[in-house]
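These are the residues of each chain, in order.
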Amino acid sequence: MLGVCYYPEHWPKARWKEDARRMRELGLAYVRIGEFAWALLEPAPGRPEWGWLDEALATLAGEGLEVVLGTPTATPPKWLVDRYPEILPVDKEGRRRNFGGRRHYCFSSPAYREEARRIVTLLAERYGNHPAVAGFQTDNEYGCHGTVRCYCPRCREAFQGWLARRYGEVEALNEAWGTAFWSQRYRDFAEVELPHLTVAEPNPSHLLDYYRFASDQVRAFNRLQVEVLRALAPGKFVTHNFMGFFTDLDPFALAEDLDFASWDSYPLGFTDLMPLSQEEKARWARTGHPDVAAFHHDLYRGVGRGRFWVMEQQPGPVNWAPHNPSPAPGMVRLWTWEALAHGAEVVAYFRWRQVPFAQEQMHAGLHRPDGAPDQGFFEARRVAEELTALALPPVAQAPVALVYDPEAAWVYEIQPQGAEWSYLDLVYLFYSALRRLGLDVDFVPPGASLKGYALIVVPSLPIVRGEALKAFQEAEGLVLFGPRSGSKTETFQIPKELPPGPLQALLPL
Amino acid sequence: MLGVCYYPEHWPKARWKEDARRMRELGLAYVRIGEFAWALLEPAPGRPEWGWLDEALATLAGEGLEVVLGTPTATPPKWLVDRYPEILPVDKEGRRRNFGGRRHYCFSSPAYREEARRIVTLLAERYGNHPAVAGFQTDNEYGCHGTVRCYCPRCREAFQGWLARRYGEVEALNEAWGTAFWSQRYRDFAEVELPHLTVAEPNPSHLLDYYRFASDQVRAFNRLQVEVLRALAPGKFVTHNFMGFFTDLDPFALAEDLDFASWDSYPLGFTDLMPLSQEEKARWARTGHPDVAAFHHDLYRGVGRGRFWVMEQQPGPVNWAPHNPSPAPGMVRLWTWEALAHGAEVVAYFRWRQVPFAQEQMHAGLHRPDGAPDQGFFEARRVAEELTALALPPVAQAPVALVYDPEAAWVYEIQPQGAEWSYLDLVYLFYSALRRLGLDVDFVPPGASLKGYALIVVPSLPIVRGEALKAFQEAEGLVLFGPRSGSKTETFQIPKELPPGPLQALLPL
Amino acid sequence: MLGVCYYPEHWPKARWKEDARRMRELGLAYVRIGEFAWALLEPAPGRPEWGWLDEALATLAGEGLEVVLGTPTATPPKWLVDRYPEILPVDKEGRRRNFGGRRHYCFSSPAYREEARRIVTLLAERYGNHPAVAGFQTDNEYGCHGTVRCYCPRCREAFQGWLARRYGEVEALNEAWGTAFWSQRYRDFAEVELPHLTVAEPNPSHLLDYYRFASDQVRAFNRLQVEVLRALAPGKFVTHNFMGFFTDLDPFALAEDLDFASWDSYPLGFTDLMPLSQEEKARWARTGHPDVAAFHHDLYRGVGRGRFWVMEQQPGPVNWAPHNPSPAPGMVRLWTWEALAHGAEVVAYFRWRQVPFAQEQMHAGLHRPDGAPDQGFFEARRVAEELTALALPPVAQAPVALVYDPEAAWVYEIQPQGAEWSYLDLVYLFYSALRRLGLDVDFVPPGASLKGYALIVVPSLPIVRGEALKAFQEAEGLVLFGPRSGSKTETFQIPKELPPGPLQALLPL
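Residue numbers (my numbering), protein chains in the order written: chain H, 56 to 564; chain G, 56 to 564; chain P, 56 to 564.
Hints should not be assumed to be uniformly reliable.
Which copy is meant is left open, so a pair is good if it fits within one copy or across any two.
With a Cα cut of at most 30 Å, we get these calculated DSS-like pairs of lysine-lysine [stated by the list, open to error]:
1. K68 x K551
2. K291 x K68
3. K506 x K525
Simulated from the structure, these hints should not be mistaken for lab results.
Construct all of the structure, not just a fragment, from the sequences and the given hints.
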C-alpha cells in the first residue's frame, strides 16, 4: 500500500479538503501527520490548541484515509527550551547546542522526559481512540544529526547510575575496564566521567559502555512514549521511523517496544554520503547505489521482526546531501516497487507537497509548492495503478541470513582495523557480494534463530555472547565468519583463550 | 597618481625626513598613515600623545605630500580591552576571541562604539582641518579574519531589535521565516537567538536576516565614524579600504556613506586562496591569476560609483597566504598600470619599507628593512616616470554591466547549489569569460540604472526586488540571467509563482 | 644489552616469578616498571601501598634483573584530579581537558608540582637505595598527545613571570616584540595573555617566547623530580624516555639534568605519521622508512651527550597509528641491532606481554596475552644469543655533524616557508641524503663544539647566537648552511644587517 507525509499546518485550511480528495484519488491509504507540530499544538505552555488537528483528521477521515500520528517530541518549542535550558544537548566538544534546528534535546534530561510524557499523554488522550488514527509514530529519526550521544551533566549522572546497576560494585567496573592500566582506578561510580575531551584516548571499555548507555537512553525515552500510547490508545500500532546508515543506536533493541519498524529511504542522499570514489558517486548520482535501499529494507525488515514500512520515500531531489540531483526518470517508481518487493507493507512518500519555506524548501514532494503535480506524483500514480492489478505474495524467509550487530559498529568505531574502516562498510561489502549472486538476505541480530538458512554470513561479530554461540551451533547452514569475530569479551577485553574466543570450539582452526 | 602606506611609528624620527624626501623624489602624491596607531596615540586611557603624529604630518607636509589619515579602530589597545572585555568578539563556535592580533572587537558593542566615537572625535578635532590631510580612511579592511559576524550577547540583543524594527510584529517574522516548520514559532522577538551551534541546520530566513543584520552593523559602525569626520573635518574625503574576495559585507551599502571606495590589491595572495587546481595555482603563482585584480578594480569602481583607489598595492612577496613567492619581474609595474587603466585615481603601495618585526615582517615593501630600495621600488619608479609622459583618459562606461549582488553570496552560502559552489566562483566564471572576449565590464548593484549597456550579465540574482526588475525592464541591451535568478523571495522563500519569480514576466519561458 | 618494560600490576602475582625467570633466561638485563602505577601505589590520598611493588622488585632482583623505576607522574589518579581540578590542562581551543587518558596535567600547576614532588619523594625514600634499582625514569614521554603547551590561567600567570624575568622592564618586551605594530603595546607584564584564540595571528615574538616558556616549564617540572631523586637515590641514574618526531620540547635542555637520554622507537607507527605519499607509506608499511629509527638514535645520542637507551622498542604491531601492520619478519631483530650499532647501551622491548585490556590491548608484546611467546620474542632471543658472541665497539665520533635546533622547529611552525614545510621535514631531507652517501651523523645542538668533523650540516638555523657563531668559526670542516639560517634575531625580528645576520661575516656572499 502507499501513503504520504502531510503537513496541514503548513498550508491554508482551504486547501486541506482538496488535498485529501486528491490523496484518495491517487490511491493512497495512509497519511502521516503531526510529528513536528508541538509549537502549534501547544503554542503556550499548558494551553493546547487541538482545533486545527481535529479538523485535519476529520478532513482526511472524510476521504477514507488512515492516519499515522507522530508524537512531536523531536522539536520542543522555544518556550519549553527557555523554561528548561538544561534539556539542550552538549556535544562531544563540550558545547551546549542551541535551539533553531531540530532534535535539540538530551535523552537523559528528567525535565524533558517529563515534558515528553506530558505532551504524548495529551495527544493520546485526545486521539488515542480516534477512528481515523491507525497508529502512532514516536518522535522522528532518533539519532539524526548525531544526537544519540550527549555529554551534559545529566547524562554523566545517568551514566553513573547505569554503571552502578550494571556492575554493582565499583571494583567490578575496575576489573571489567582494566583500570589498572594508566592509573585509571575508580573508587566510586560517582568518579566516572563521560569519555570525551580526554588528553589521550579514553579506555575502550569506558567508551563501549557509554555507547551502550547512550543507545539505552534512547530506548528508554521511546519506551516512555510507547507506554503512554499502549495505555491510552489500545489497538493502535506504534512504530518509529529509523534512518539509513545510523549506527549510534541499536534498532533491534528499540524495536522490541514497537509493533513494526519503519525507515526513511533517500537513496540519492545516502549514496552521496557513502565512502565511494568520485567516479562511483557520479555513476550512481541519479539512481543511487543499487544496493543502498535494498540493504536498509532488509535490515529494517529484520528489525521489525518481518514487518516494516518505508515511512518516507524520496520523491525527487532532496535538500540535505552535499549534492542533490533529480532522480533519473522512473526511479521513484522503481524504488517503490523495490520496497514492496522487499516486504514493505506501506511506502509513504515524503512529502505531499514541497514546502516553500524554512529548512526543507528545496526538498521535492509529490507536488510542487504551487500544487501542480511533480515527477514523483506521476510515478507514484503509476505504481498505485499497477498495485491494483497485483496481489503481492508474502515475503518468504531468505536463503541467507546476515548477522548484523549494532554493538560491532561501536567496537569498530572505538578500535578501527585501520583508519578507513567501519563496520558498516564491511557489512555493505558482504551484502553487495551476496546480492550480486542474486541471493536474498535476511538481517538478523546475534542470538536470533538461524533455522532454515542455507548460508549464514557474519561480517564481523567481535563480541560473541552465549545465545549467539548457541544459534551458530544450532545452525543448519554454513556459517561464514568475517574478520575480528570473537575478538573481544563483553567488556572489551581480549578473551583469555585469544580470538576468536568462544568461536574456537566451532571453527576448524 | 601614486601613493604609499607609511608607519612613522615603526621607525626612528631621524629617518622620517629622509623618507619624506625620497617619497617626493619617487613622485608619490599620497601617504596613508595612522590606521593602527591607537596605542601610540593614546598610550593610557584619556591621555593622548599627539606629538609624534604632529611631527610626522609636518615632515610629510614639508615635502608636499598629502596624507590619508586612518582612524585606528581596527586595533583597540590592551588597556581598552581590559577595561571593556565585552568588546571582544565571540566566534561561531561560541568562543570569546582574545587580544593579540587585530580586529578584536564586536561591531555591536555599545562600549566599543562609544570608544570608537571618542577616538575618532579626538583625531578629527586635532587633524580635521590640517592642511596636509587630504582625507580619512575609516578603520581597516572591515571583515578581515571573518569578523563581520559575531555571536556575542550584545549581538543577540541588537539582532532582536533589528528584527523588531524590520517585522514590527513577531507574527510577521513567523510568517516570513515559515516557523510553522519544525515547531520554530516565536512568541516574542526576545526569544530569537543567533543562528549558530544549532543541532540541525538553522532556518535559512533566520540566517539570511542575521547576515543582513551583521552587514548592517558594520555599516552603522562605519557611519558613526563618518558622521564625526563630516562634522569635524569638512571638505576632507572619507574612504575605506575594502579587501578582495570578502562577501560577508555589502560594500555597495557601506560605500553610500563614503566619498569613494578603496581596496587592497594582493594578486598573488588572492590567487593562492582561489579554488583552483594545484596546476593552475602553480601556473599563476608569480603573476596572479590574470583576472583577479581586474575583477576587483571593476567591482570597487562600481562600489565607489565610478571612483576608487587602490589603497594597498602588493609590492613584492606577502606574508599571509599559504605560499608567498616573489612576483615575477615587472608584475608590480603591470599591476599598477592595470589599476590605473581600470580607473584607479591613486595606487598606493603597501608599504614604504618592510618592517623587521611583528606579524608582517615577511611582507615586502618598496624598501628592504635596512632602507635599501627593493624590486618594487624600481618598478614603482618606472611607473612614476611613465606617468609624467601620459595623460590618462577618464574611464568610459563599459559595454557590459555585471549585476553583482552581495545578498546573493549569502543566499548561496546558506543554500549552495552543491557543496563546491559559491556565488563568487560563479561571478568569477562569468567575468573571466567576458574578459576573454576582450570586453570591459562595469559592476553594478541590483536596481542600478542599466542605461547604455549593450549587454547586462546577471550571474545569479536569487532575490529580485522591484527596483531591480524595473531596471531590467528598462534595459536597452540584452539581459543574460544565470542560474537561480528569481528563485527566492526577500524572506528566503520559494516565490508563489515559482522561480524565476518576478522575472517570469520578463523571460521567454 | 637488552631489557624489557614490564607491568606486574597488570598480572596476577602468581605469574611474576615465572616471568622473571624467563626474562633472565632470555638474557635480559634491565626491566622498566612502575611509570603508570600511581593509583596502585597510592589508591587513596596519603595512604600508599608499597607491598606489591616491594614484592615485584624482590622477584625481579631474585633473578638478577636490574630495575628502572618510573616516577608515575604521567597519570595522576582520579582522586587527585578531583581534589585539584585546576591541574587539568586547557588546550589551544580553550577547552579544559578531562581525566580518562593520560598526561592530564598542566606543567605549570603549583598544586601538581607539589603532588609530583610528594609522590617522587615517597618513591625515592622507599626505593632510592634499593639494590635492584639501577636508576629512575622520570614521568613518561613528556609532550605526548600535544601536552607541552597548555593555555590555563596558571600558565598565563607563570608566563607573565617568565617574561618579567626575561625582560626586566615591560618596555624591553615592547621593543623585543615590536608591539608598535598593530597597537599591541603592553603597559605591564600582567597585561600579556597566552597567544591563542586571537582574531588575527598572534605576534611571532609572543609565540616564540610562549613556546620557549612551555618547553622551560617541562624542564622545570622534570628538574624538580631529578632534584628529589639526586638527594634520596644517590648513585642511581636518572633518565627520561623521549618520543619520536616531537618538537614542542627542547630535549637538549631537558637532558642537561639527566644522566643519559632514552627514547621510544616505533618505526612503523612513526612512518605512518610521516608526510609521505600513499605509495611511499605502502612501501615501508612493514619495515618502517629506512632512516626513521636511525635519525632518532643519532638525535638522542646527541641529546644524551653520547649516551642513550632505547627504552621502548616496538616488538610487533602497535595500536596507535592510523594503520598498524605487523612488522616484516626479522624487523625486530634488525631494529635492535640498528639501535645497538648506533650506540644504544640498552634496548628494552615494550612490553613483556601484550595486555588484554584497556587502551593498549592491541599493542603487541614479546608474548601474547596468554603468555605464549610471540614473533618479537623469537627475534629478541636471537639477538640475545648473537650478543653473547660479540663485543660491540664504542661508537666513534662521526665524520658529519648535523646541527639540530629545537628552537628552529618553533620558528618554522610560527612562520613556515610555505604551508607544507616543517623544520623536521627539512632536517630529515638532509639526514636521508647523508645516509644515502653512507655517512654517519652526529646530532649536535647549536653552540656545541664542532671539532673533528669533516662536514657540518646546518639544515636551518634561523637564530644564530654568539656561541653557535663561535663554533662555526672554529670548525675545522666544511660548514653547509640550509635556508633561512641567520634570518631572525633572538626575539624573532629580521636582523639589522638582514639575513643571514651574524653569518654574513662567515659566508662568501
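Hints versus structure:
1. K68 x K551: between (67 Å within a copy, 17 Å between copies)
2. K291 x K68: within (27 Å within a copy, 61 Å between copies)
3. K506 x K525: within (12 Å within a copy, 74 Å between copies)
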